[in-house]
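Student: Sequence:
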Amino acid sequence: MPKQCFGTSHVPLSPAVRAGDFVYVSGQVPVGSDGLVVKGGIADQAEQVLQNIKAALALAGCTMDDVVKTTVWLEDARDFGTFNAVYAKHFPKDPPARTTVESRLMIDIKIEIEAVAYRPV
Numbered sequence: 001m002p003k004q005c006f007g008t009s010h011v012p013l014s015p016a017v018r019a020g021d022f023v024y025v026s027g028q029v030p031v032g033s034d035g036l037v038v039k040g041g042i043a044d045q046a047e048q049v050l051q052n053i054k055a056a057l058a059l060a061g062c063t064m065d066d067v068v069k070t071t072v073w074l075e076d077a078r079d080f081g082t083f084n085a086v087y088a089k090h091f092p093k094d095p096p097a098r099t100t101v102e103s104r105l106m107i108d109i110k111i112e113i114e115a116v117a118y119r120p121v
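Its first residue numbered 1, the sequence shown is counted upward by one per residue in UniProt numbering.
Only true hints are included.
Here are the simulated DSSO-like cross-link-like pairs (lysine-lysine), alpha carbons at most 30 Å apart as the crow flies: (1) K54 - K3; (2) K89 - K69; (3) K69 - K54.
Okay, the calculated beta carbon distance ranges per label pair: (4) D44 - R104: 17 to 25 Å; (5) F91 - G61: 13 to 21 Å; (6) M1 - K93: 28 to 36 Å.
If you're looking for bench data, these hints aren't it; they were derived computationally from the structure.
Just so it is clear, the structure is predicted and the values come from calculations on it, not from any experiment.
Beta carbons are placed, not taken as given, at the ideal position from N, Cα and C, and that holds for glycine.
Work the whole structure out from these sequences, hints included.
Tutor: Below you can see the structure in the form of structure tokens.
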């Protein structure tokens with residue numbers, strides 16, 4: 001089965017790519033449907049990023065329940081507790097494996113998350 005790309009972006013990437021039974025979601029940032037970075041702190045930005053992941057997964061026929069691994073980049077490690085509380089609401093049962101690191105990000109944002117989902121075709 002060849003890879004399948006889902007969605008479009010203003011930069012050279014696909015929001016989601018299916019390769020066999022896995023769906024890879026590109027790093028999502030806290031940008032709303034208007035294309036602007038969400039105002040507010042880490043809680044607001046984390047919520048938007050997780051909604052963006054949910055939307056990218058849906059393009060490939062997946063849900064948050066299919067996510068098996070996430071990688072999270074936080075601009076400030078001191079935001080971890082607040083981020084973690086928001087994240088937990090989106091993965092209330094059997095959360096995926098996760099790596100979380102502090103990192104300088106490409107634009108002026110507080111968080112970026114990528115995800116890998118498993119959903120057999």
